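K.L.:
Listed below are the residues making up each chain.
4 protein chains.
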Amino acid sequence: MSKIGIGVLGGGYMGKAHSVAMAAVGAVFDTALRPRLQMICASTPESAERYRKAYGFTQATGDWRTLVGNPDVEAIVIATPQETHRAIAEAAFALGKPVFCEKPLGASLEDSAAMVAAAQKSGVPNMVGFNYIRTPASQYARRLIAEGQIGDITWFRGEHTEDFYADPEKPTSWRTTGMANGTMGDLAPHMINASLGLIGPIAQVMGLVETVHETRPGGAVDNDDHAQMMCRFENGAMGQMYFSRIATGRKMGYAYEITGTKGAIRFDQEDQNALWFYRADDLEAERGFRKILTGPAHPDYEPFCQGPGHGTGYQDQIIIEARDFLRAIETGEHVWPTFEDGHEVNRIVAAVLASSQDGAWKNIEDF
Amino acid sequence: MSKIGIGVLGGGYMGKAHSVAMAAVGAVFDTALRPRLQMICASTPESAERYRKAYGFTQATGDWRTLVGNPDVEAIVIATPQETHRAIAEAAFALGKPVFCEKPLGASLEDSAAMVAAAQKSGVPNMVGFNYIRTPASQYARRLIAEGQIGDITWFRGEHTEDFYADPEKPTSWRTTGMANGTMGDLAPHMINASLGLIGPIAQVMGLVETVHETRPGGAVDNDDHAQMMCRFENGAMGQMYFSRIATGRKMGYAYEITGTKGAIRFDQEDQNALWFYRADDLEAERGFRKILTGPAHPDYEPFCQGPGHGTGYQDQIIIEARDFLRAIETGEHVWPTFEDGHEVNRIVAAVLASSQDGAWKNIEDF
Amino acid sequence: MSKIGIGVLGGGYMGKAHSVAMAAVGAVFDTALRPRLQMICASTPESAERYRKAYGFTQATGDWRTLVGNPDVEAIVIATPQETHRAIAEAAFALGKPVFCEKPLGASLEDSAAMVAAAQKSGVPNMVGFNYIRTPASQYARRLIAEGQIGDITWFRGEHTEDFYADPEKPTSWRTTGMANGTMGDLAPHMINASLGLIGPIAQVMGLVETVHETRPGGAVDNDDHAQMMCRFENGAMGQMYFSRIATGRKMGYAYEITGTKGAIRFDQEDQNALWFYRADDLEAERGFRKILTGPAHPDYEPFCQGPGHGTGYQDQIIIEARDFLRAIETGEHVWPTFEDGHEVNRIVAAVLASSQDGAWKNIEDF
Amino acid sequence: MSKIGIGVLGGGYMGKAHSVAMAAVGAVFDTALRPRLQMICASTPESAERYRKAYGFTQATGDWRTLVGNPDVEAIVIATPQETHRAIAEAAFALGKPVFCEKPLGASLEDSAAMVAAAQKSGVPNMVGFNYIRTPASQYARRLIAEGQIGDITWFRGEHTEDFYADPEKPTSWRTTGMANGTMGDLAPHMINASLGLIGPIAQVMGLVETVHETRPGGAVDNDDHAQMMCRFENGAMGQMYFSRIATGRKMGYAYEITGTKGAIRFDQEDQNALWFYRADDLEAERGFRKILTGPAHPDYEPFCQGPGHGTGYQDQIIIEARDFLRAIETGEHVWPTFEDGHEVNRIVAAVLASSQDGAWKNIEDF
Ligand SMILES: NC(=O)C1=CN([C@@H]2O[C@H](COP(=O)(O)OP(=O)(O)OC[C@H]3O[C@@H](n4cnc5c(N)ncnc54)[C@H](O)[C@@H]3O)[C@@H](O)[C@H]2O)C=CC1
Ligand SMILES: NC(=O)C1=CN([C@@H]2O[C@H](COP(=O)(O)OP(=O)(O)OC[C@H]3O[C@@H](n4cnc5c(N)ncnc54)[C@H](O)[C@@H]3O)[C@@H](O)[C@H]2O)C=CC1
Ligand SMILES: NC(=O)C1=CN([C@@H]2O[C@H](COP(=O)(O)OP(=O)(O)OC[C@H]3O[C@@H](n4cnc5c(N)ncnc54)[C@H](O)[C@@H]3O)[C@@H](O)[C@H]2O)C=CC1
Ligand SMILES: NC(=O)C1=CN([C@@H]2O[C@H](COP(=O)(O)OP(=O)(O)OC[C@H]3O[C@@H](n4cnc5c(N)ncnc54)[C@H](O)[C@@H]3O)[C@@H](O)[C@H]2O)C=CC1
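Residue numbers (full-length UniProt numbering), protein chains in the order written: chain S, 1 to 367; chain Z, 1 to 367; chain U, 1 to 367; chain C, 1 to 367.
Just chain S, with the same shape it has in the complex (with noise of 0.2 Å):
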C-alpha cells in the first residue's frame, strides 16, 4: 500500500465528488494505491483556499499550472470547464502524469482528438469521467449482454434526460453558450457512452437538434435544448436516443431499453438501483420483466453493503471510478473509457449535428 498525490482542479459540483470519492476510495475498495489529497485548484486563490479547508487538501492554488507542475501532484483530475480540459491534459500528460478528465472530453472534436494524441504520446492512464455507467446496475446489464443472455440486440432505445432548463423564463447561463455546454455537448456524451459500451460501436446517425426557446431573460441561447438521434450499430443492431435539458419532470432519466432476441432489459437512473430483465425462455405464464435489486452478486456492489437491496448513490459511482483510474495507475493497464473512447463519443456527437444540418444519415467513420 502506498500514497499518491492526488491534484483535483475545480472544486464544484465535480471537483467536490472527486474530493469526497479520494477520500473514501481507500477505505472503500482496500486499494493499493491510496490517495492523498494534495493539491485543489480553482479559478481564485480564494475560492481554492476555501474548498481545500472543505474536502481537506493540504494545498491549494488559483493557478492550474502550478497544480499540474507540483512534483508533489502524481495524479490528476479534471473538473473544471469542458474549454478548459485541452490545456490541462496536456501539460499533464507532457509531465507523465495520470489523467482523469470529466465528460466530455474536451469541448470540441479537435480538442478530443489532440487529447487523445496527447495521451497516446505520454503513455501514460487517462480516463473519461462517464460514471453513470458503472452503476451495479449498468455494469450488470453489460455482463447480461456481453454473456449472451437476452441473445443478439435487436434494438437499444436511450435518452438523457433533465429538466434544469424547462421552465423557459429560466435566465440565461454559461450552459446556455456553446455547443459543448448545450445538450449534444454535455448530456448526450453519457449516454452515447453507454450505448457503446452496451450494444458496441456505432456506424451510422441521423439527427434532430433543436433549440427550443432561443431567448431566455438574459439574452439569447446559441446552443440546443433537445436533440434525438436514429443509429445504426456495427452489429446491426437498431438504435434511438433522445437528449434533454427541458425534459419537464426528468431529473436524472438516464434510462436505457434493450431488446434481444432472447430477452430484453430496461434500466432507469432514477431507480439507480434496480435492474429489470425479462428472460424470453421462462414459463409462458411466469414470463415478465424481474425488478432485480442490486447486491453483492453484482459487480462493485458488496464493498459499499453486504445487505442487498440497501442501495447504492450517485457518490458511489464516482468512489467506482476513483479506484478504477487508482487501478489503472497501479497497473499501468487502461481502464475504460480512456480518452479514445471519450473522443469517439465526440465523433458521434459531431454527425449527430451535422446530420441535423443537412438531414442525412452520417458515417461515423468519416468523423
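Do not take every clue at face value.
Since the list gives no way to pick one copy over another, a pair counts as held whenever it fits inside one copy or between any two copies.
Below 25 Å or equal to it, Euclidean Cα-Cα: the simulated BS3-like pairs (lysine-lysine) are [claimed, not checked]:
(1) Lys-170 with Lys-3
(2) Lys-262 with Lys-170
(3) Lys-3 with Lys-53
(4) Lys-121 with Lys-53
(5) Lys-262 with Lys-3
Quick caveat, the hints were computed from the structure, so don't treat them as lab data. Remember, predicted model here, so these are calculated numbers, not experimental data.
Please arrange chains Z, U and C with the ligands on chain S, whose structure you already have, making use of the hints.
P.N.:
Only chains Z, U and C with the ligands this time, still in chain S's reference frame:
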C-alpha cells in the same frame, strides 16, 4: 330508444370483441340507439354459423355481400383482414349504411383514399377502430393537453411494441406477408393516430424500417419486424416513435411520454388505468409524477364502475367505440377518428416507408 | 344452448354491473345456458322501470316478491343492500331458484346462518359475489400456491382499503349506520374471503376495530372506519389484514403479499393485470419479483382478449362470476364461494369484532 | 475546524461503514470537527490490524479497553455485536467520551437501561445508529408530517423485512441464537424507531412473535424468524408493524405507509430516493400519489449531489449519522435518537415479546 340492426364482418379476435360490445353497450351507456345483433359473416358459412351461436346473432352468412345487402342490417362493423376492408366499405356506403372499420383503413394508401371518397360521397357516419385512444386515461390525457395544463408541447415519444414475433423460430403466417400486415401496416397506425389526437398534425417524418428475421420456419418474410421514425408536428413539437412486433417482453407496449413547458404526461397501456402527470407549478419539494388512477372524474369511466381505481379493460374500449359509433349514427355527427383520419394515418405510414428507402425527410403533404 | 330467465334485484352500482354481465356473458364465454334479462326490481316501480329500459330487461317491479315469484324468472341475482339479502334468498330457495347474492352474505351472522340453512335445504346452486378474487391474476395466484410454487406459506398480508370516507367533512349516510355497512361489514369480507381462497381456513384472530370520525355533518356515526386483525391460519401461516374506508389516496386497495419458503407473490388490485412473482430458485444475480402481465396463459383471460397485457377490468370480473353462476346452474355443481363460504367469512368478521371488544384472541370455531 | 480522534469498535459490516463515513464526512458536509481515524478494534489483534490498513486508521488493537482508554481516542463508535455494547459504552462514559452505538442499544432491556443511566450520568453526547430514518426521503417524510401536510394521522403501517434466513436449509449461526439477534432484537428496532420519529410515542402493543424454522442444519434455533404487532400511538393513531428475516424476495423491506386526514405518504427503502406523497386537496381528476425524487429541496441531499434524482445510497446514511454525531459533540446538543430513544425502542420490543407470550395487550409504560 330505438333498435338498430348490426352486421358484423369477421368473427375472430376483433369480430368477437365488437359482438360483445354491441351486446353490452346499451346497458353500459343507456344509449338511445340499441343494437340488435342481426347478422354475422365469416369466411365460410360454417364458421359464421358457429360465431352466430356463440355471440348471439340472429343470422349468419359466409358471403359478405349478403350481409351488406341484408335490409335488416342497418350498420356495418368491418372486422375482417385489411385486404377486404375497401370492397366491403364501398358496398355499404353505396347502400347508405354507416360503417365502422377496424384499423388500418384498408390495405394501402390507395384503398384508404378510395374509402374516404366513398364515405364522403355517401355522407353517412364512418369511423376507424383505434380503440386504445379511448381509454379513460388517454381521453383524459387529450383533455389535459387541450386545456393547456402542460403548456406548449416540446416533445412526444410514442411506441407500439409487442413481442408476438420476437422468437426467430416462430413460423411464417399471413402476418409475415404483405406490407399491410407488417409492423408499419398493422401496429404503427394505433400510435400514429394517438399522436395526431394528442399533439396534432404531423408535418414531416424520417423513417427507418427493418425486417430483422428475413426467413423463418416456413420461408421468407416480406414485411417489417420493427420501425422507428423521427417527426416534426405542425405546432413545432418534435417527436419520435417506435413500433415493433419483436419487442421481447412487451405485451401491450402502447406507451407515450409528452413533455410540455408546464408539465408532462406519461402513459403505458400495460397499466391502462393509470396516467402519470407532472405539474411544474407544484412546490419544488413536492413535485413528482402523480400516478392518477382513472375514476368517475375521468372521461367515460363511470358507466363502467362507480368506484375509482376499480379499472376498465380492453373490452371496455370497444364498448366505448360502439357507443361513439351509435351516437354518430343517431346524431349524424361524425366522431373522431373518421375515415379521413384513418387515411391521414396511412399517409404518414407511406411517408415513413418512403423515407426509410431513400434516407431523406418527407413532407406528409406530398403523400 | 338454452335460455334462462334472470331476475336482478337492485339497479344501482352492482345491479347494473350484474345486468351488463348477464347481457355480455354468453358472447364472451359461449355459455351453454344463455341469460334472458327477464325482470329487474328496485325500491320503487319508477326506478325499476328506469333500470329496465336502461339495461334492457323485459319486465320491472318495485316489489321483490313479485320478481322472486315470477315464473319466468329462473335464477336470482341479489344486488340490494345487505339488510334485504336474507328474506329474498329464503323466498327464492323456497321456490327452488338458484341464488347469486352480493357480498356480504346478509346483514349479520344470524342472517348468513339462516341463508346457509335455506340454501342447504333447497340444494340449488348458490354463490356469493366476491368478484375481486376472480381476476385472472388472483386466480393464477391461487393456482401458483396450490401447485406449491412458493413452497409452504409463512406469511400473508392483505388489505382492502379505499378512501370514500377519508374526508372528515363528508356527511353521514346509510353507509355510516349499521355494522353491516361499516368497514368490517362491507369491505373486510372481500379480503377475508381472498385469504381463505389463497391460504386456507383461519383458526384464530385478534382484532382492533375503530370509528375514527365519531361524528360527521349530519350526526353520529355508529359503525367502523377502519380495522385491523392478526391471524393464524390452520396450516400454521401467520397473517395480518387491514381494512379501511378512510385510507386517503387508496382507491381500490385490495392488495396482498404472500411469503412462502420457495417464493413470494404480491398483488394490488389498483394494477389488476399484473401479478408479482418471486422464485427463490432463480440464479442469485437474476432474482427479483417478476411483473407478470396477465394473458391467455392465465385463467379466464383469453375469452376477453387474445393479446396478453391488453387487460381486463372491473366489469369483466362480474362477467366471470356470471359464467360461474350459470355453470353451477347448468351442471348442478357448486362453485366457490358458496353461501357456506360467505357465512365462514361472516364468522371471522364476528370473531374480529368480538376480539376488538375484549382484547383477546378468538377461535373461529367458537363463532 | 479542529480535529477529533475517532475510535471504532468492530471492523465488520458496520465497522467498515462507520470508518468510511468518518473518512468522507468532513469533505461532504464541511464539518467544523474533522475526524482523525485514530484507532480500530476487532476481536483479535490480527483482524484489527487488517482493518487498520484497509480503512486507514493510525492504530489497531484486539482489546476494546485499550481503545476506550486511549487518550488519542476522543469519541467512540461501537459497531460490535449487541452483547458487547453495554460494557464498552459504560467504560467510555466513565471517561467522559461521547459514544455512538449501533442499534439495538445493548442486548437486553437491562442493558439499555444501564446504558441510559451511564449516559445521563456522564452528560456527554450519545446516539444510536438507526441510519435508515436519515435518508433525505425519510427526513422529508418527518417534516411533512410535522408541518401537518397530511393532517391528523389515522394509520401507520411499517415493516422491516429481509430474506437472509428465508431458506430453511441455511445453517444456524450466531444470528439464530439469543433474542437480541432474532428478528425482534435485530430488525424490529429500526422500524419501531422510525414509527416513533414519524408518528410519536406508542402507548400500547399487541404482539405475535414466531420461530418458523425451529431447527436448521447445525441444530436448534432459539430466536424468532418473524413477528407482527398491532399498536396504538399516544396521539390516537392506530398502527401495525411486521418484521421478518424470512421474507422471501425482500432485500431491504424497510417500508411504511402513513395515512392522514389530508394526505398520505408511502416509502420503501428498496427505492430509497423516492417518496410517494398524496395530497387530498389536489383537484379530484388530478389526484394521485406523487413520486417525489429526492433532491436539493430535501434534507441533507445537496451535500451529496447538486442534481435532483441523482440519488444517495446506504453509505450516505452513515455519513449523515457521522455528521450528526460530530455536531452533537461540537455543540453539546443531543441529536435524536439518543440512548434514551434507543431504550424506548427496547421497551417496546420487550412489550411485544411479553404480549406474544400471553396474548394480551401491553402498556408501554409498564416496561
Ligand atoms: N459526470 C457528471 O455527472 C458530471 C460532469 N460534469 C462535468 O464536470 C466538469 C465541471 O463541471 P461542474 O463541476 O458542474 O462545474 P462547476 O461550475 O460546478 O465547477 C467548476 C469549477 O472549475 C473551476 N474553474 C473554472 N475555470 C477554471 C480555470 N480556468 N482554472 C481553474 N479552475 C477553474 C471553478 O472555480 C469551479 O471550482 C465539466 O466538464 C462538466 O461537464 C458536470 C456535472 C456532472
Ligand atoms: N383494434 C385492435 O386492437 C385490433 C385490430 N385488428 C384488426 O381487425 C381486423 C381483423 O383482425 P383479426 O380479428 O385479428 O383477424 P382474425 O383472423 O382473428 O379474424 C378475421 C375474421 O375475418 C373473417 N374473414 C376473413 N376473410 C373474409 C372474407 N373475405 N369474407 C368474410 N369474412 C372473412 C374470418 O373468417 C375471421 O372470422 C384487421 O383489420 C386487424 O388489423 C386486429 C387485432 C386487434
Ligand atoms: N362486489 C362488489 O364489488 C360490491 C358489492 N356491493 C354490494 O352490493 C349490494 C348492493 O350495493 P350497491 O349496488 O352499492 O347499492 P346501491 O345503493 O347502488 O343500489 C341498491 C339498489 O337496491 C334497490 N333496493 C334497495 N332496497 C330495496 C328493496 N327493499 N327492494 C327492492 N330493491 C331495493 C335500490 O332501489 C337500488 O336500486 C350490497 O350488498 C353491497 O354490499 C356494493 C358495491 C360493490
Ligand atoms: N444499522 C445497520 O444498518 C446495521 C447495524 N448492525 C449492528 O452493528 C453491530 C455490528 O454488527 P455487524 O457489523 O453486522 O457485525 P460483524 O460480525 O460484521 O462485525 C463485528 C465486528 O465486531 C468485532 N468484535 C466482536 N466482538 C468483539 C469484542 N468483544 N471486542 C472487540 N471487537 C469485537 C469483530 O471482530 C468484528 O470486527 C451490531 O450491533 C448490529 O446489530 C449490523 C448491520 C446493519
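K.L.:
The structure should be examined with respect to each hint, and the outcome stated for every one.
P.N.:
How the hints compare with the structure:
1. In this assembly of identical chains, the alpha carbons of Lys-170 and Lys-3 never lie at most 25 Å apart, being 45 Å within a copy and 42 Å across copies at closest.
2. For the homomeric pair Lys-262 and Lys-170, the shortest alpha-carbon distance between copies (13 Å) is at most 25 Å, but the shortest distance inside one copy (46 Å) is not.
3. When the C-alpha separation of Lys-3 and Lys-53 is checked against a cutoff of 25 Å, the pair qualifies both within a copy, at 21 Å, and between copies, at 12 Å.
4. In this assembly of identical chains, the alpha carbons of Lys-121 and Lys-53 never lie at most 25 Å apart, being 36 Å within a copy and 36 Å across copies at closest.
5. Proximity of Lys-262 to Lys-3 under the C-alpha cut-off of 25 Å is found in neither arrangement, the shortest distances being 47 Å within a copy and 49 Å between copies.
In the structure shown, a violation is registered for the earlier hints numbered 1, 4, 5, in ascending order.
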